[in-house]
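> Spelled out, the chains give:
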Amino acid sequence: MRKALNNLVFGFAVLVLVSPAALVFLWMLSLSLKTEIDNIAFPPVFIPNPPTLDNFRAVFERNDFLRQAWNSVVVSFGATAIALLVGIPAGYGIAKMRATKAAVLILIARITPGLSYLIPLFLLFQWIGLTGTLWPIVITHLVLTVPIAVWVMIGFFEGLPAELEEAALVDGATIWQAFRHVALPLARPGITVATILAFIFSWNNFIFAMVLAGRETRTLPVAVNNMLTFEQVSWGPLSAAALLVTAPVLVLTLIAQKQIVAGLTQGGVKGA
Amino acid sequence: MADGLATTAGAARAAAADTARRRRTYARHYWPFVVPAAVVVVAVIIFPWVFTLWMSLQEWRIGSGRSFVGMANYQRLLTDDRFHWSVLRTLYFTALAVVIPIVLGVAAAIVFHRKFPLRGLARTIFILPMMATPVAVALVWTMMFHPQLGVLNWLLSQVGIPPSLWVYDADTVIPTLVIVEVWHWTPLVMLLVLGGLASLPVDPYEAAKIDGATGWQAFRYITLPLLMPFIMVAVVIRTIDALKAFDTIYVITQGGPGTASETINIFLYLNAFAYYNMGYASAVVVVFFAIIIGLALLLLWSRERFKDAAR
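Protein sequences, first through last, are from chains A and B.
Using our numbering, you'd call the opening residue of the first sequence number 2 and step up by one each time.
Using our numbering, you'd call the opening residue of the second sequence number 61 and step up by one each time.
Treat the hints as calculated values from the structure; they're not laboratory data.
Here the structure is a predicted model, which means the values were calculated and not measured.
Be a bit skeptical, because a hint or two may be false.
[Said to hold, decoys possible] Rough simulated footprint, nothing fancy, chain B against chain A, three-plus residues with beta-carbon under 8 Å: (1) 50-62; (2) 74-81; (3) 107-119; (4) 182-191.
[Unchecked claim] Result set (DMTMM-like, lysine to aspartate or glutamate): computed pairs, CA atoms no more than 25 Å apart in a straight line: (5) A:Lys102 / A:Glu159; (6) A:Lys102 / B:Asp301; (7) B:Lys175 / B:Asp263; (8) A:Lys4 / B:Glu266; (9) B:Lys175 / B:Asp301; (10) A:Lys102 / B:Glu364; (11) A:Lys4 / B:Asp271.
Just so it is clear, CB atoms sit at the ideal spot from N, CA and C, and this is done for glycine as well.
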């Protein structure tokens with residue numbers, strides 16, 4: 002009896018914890034599947050009846066939505082690829098050299114507000130005339146993706162046993178070969194974590210593109226914010242667009258939860 | 061026999077020292093691996109820092125040229141009431157947006173540490189908010205906060221609470237934005253503390269059980285002290301993130317109504333990219349940076365003290 006009551010209380014606690022997260026996303030879904038009349042009804046209509054895809058159709062019919070989605074894809078993949086290219090070797094080098102000062106620098110870069118990079122880089126891009134292309138956005142996103150990639154890879158390479166590479170070195174391999182053929186294959190799980198986090202950080206970023214993007218180079222978060230600011234607000238299409246922007250990240254979280262959790266808690270947990 | 065052992069131990073120690081020495085020698089050869097990243101970091105991170113410092117000494121408005129003014133921008137910050145209010149608001153927001161997620165996050169971690177059916181699914185749903193795109197999150201909350209048509213005021217009316225103006229009232233705007241921040245970032249606190257819980261030893265609990273401690277006593281006198289280093293890490297991370305909060309505040313209120321939710325970051329944004337006052341904004345960046353690093357160091361220092369106390 003006592004145990005049953007305990008379980009009941011515990012179940013209720015779980016419900017209280019999970020429902021705010023679930024309900025906000027469900028409400029977003031509900032808004033995106035309802036007609037405008039139902040969306041502004043009071044008391045609110047909760048279950049779309051019948052559900053309609055008109056809002057999503059309206060979003061795709063805006064002729065620039067697909068272009069903005071493409072911009073987001075190019076920026077996120079570009080910034081992630083460059084971050085991996087420079088970040089994986091850097092993580093390896095820093096781990097091997099035990100360069101704690103370099104690691105601290107990366108940490109400081111991670112905690113600095115994004116706006117503080119934006120003012121000088123904004124002026125710089127104006128001078129060298131890169132505005133109007135996607136380059137300024139990709140380059141500024143490196144501020145996010147490079148530190149997280151290096152940070153994750155340092156932690157990962159530090160955790161690898163050194164003996165295997167040392168055996169390779171004793172057998173006459175160069176340090177580059179030892180990295181390429183011994184450490185790198187072992188580091189695949191770490192690379193996955195770095196890729197996912199760098200991609201999500203870049204995809205979700207709003208402020209860099211908001212300042213730097215022109216009409217042609219807007220990324221999705223900026224486009225969605227503009228829908229709120231400049232157009233006559235209709236909640237259905239707005240929710241549909243918001244859902245489309247965040248859907249890739251949510252799906253990625255569902256698939257790769259384990260890696261994301263490992264990457265985000267590393268450092269914090271390890272340092273304690 | 062004893063001699064033989066000593067020799068083996070000595071040999072092992074020598075071998076270990078040898079390995080350590082070899083690793084140190086090798087260590088020097090690894091710098092080329094860091095060069096590409098160093099180039100990028102210098103270009104997009106170090107250069108902006110240095111350039112910002114230099115810019116903060118200039119009077120620099122886009123369109124009307126620049127001139128060296130020394131410390132004038134910083135002196136102006138000292139007397140700018142709008143800036144002072146933004147600092148106070150940021151601290152108010154940060155205090156709430158640290159304490160509430162920490163309390164809720166620790167509670168959530170304790171719940172998720174226990175095994176129960178569908179735990180994996182429940183945990184996945186729980187962490188979704190922190191991965192969601194901030195702009196999308198801000199849009200949904202904006203619609204929910206709507207004073208006439210928003211779902212939140214309807215929910216309040218169902219339990220007999222009068223409707224709130226949420227972000228449309230200068231008195232409630234900051235606590236309302238804190239609600240979004242709590243919803244968004246409590247999962248991260250939960251994950252950090254959950255990692256800590258997983259690493260706790262079992263022995264003290266067995267001893268406590270034998271001594272007849274209640275569940276609450278075990279939590280208060282064993283779990284909490286052992287968790288303290290992890291909680292402090294969460295506090296540091298949360299403090300930094302709350303100070304930096306921008307996206308949701310900007311999308312939901314743009315600092316309004318009036319300047320009621322204008323935090324340092326919003327003040328900074330407006331000065332740089334609405335008034336194009338680059339020199340002054342750079343001085344704000346420098347001060348803001350100092351505040352963040354200062355608070356982070358203070359918290360790290362107190363974390364060391366907690367760690368010593370736990371030993």
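> With reference to the structure, classify each hint as holding or not holding.
Here is how each hint holds up against the structure:
1. 50-62: violated (count 0)
2. 74-81: It is violated: at least three residues are needed, and the stretch 74-81 of chain A offers just 0 whose Cβ sits closer than 8 Å to chain B.
3. 107-119: Since three or more residues must qualify, the claim that chain B covers the stretch 107-119 of chain A holds, with 11 doing so at under 8 Å.
4. 182-191: violated (count 0)
5. A:Lys102 / A:Glu159: holds (15 Å)
6. A:Lys102 / B:Asp301: The hint holds at about 23 Å.
7. B:Lys175 / B:Asp263: holds (20 Å)
8. A:Lys4 / B:Glu266: Within the cut-off at roughly 21 Å; holds.
9. B:Lys175 / B:Asp301: Violated, at roughly 31 Å.
10. A:Lys102 / B:Glu364: Since the Cα atoms of Lys102 (chain A) and Glu364 (chain B) sit roughly 19 Å apart, the hinted pair holds (cutoff 25 Å).
11. A:Lys4 / B:Asp271: Holds: Lys4 (chain A) and Asp271 (chain B) sit about 22 Å apart, inside 25 Å.
The structure shown violates the earlier hints numbered 1, 2, 4 and 9.
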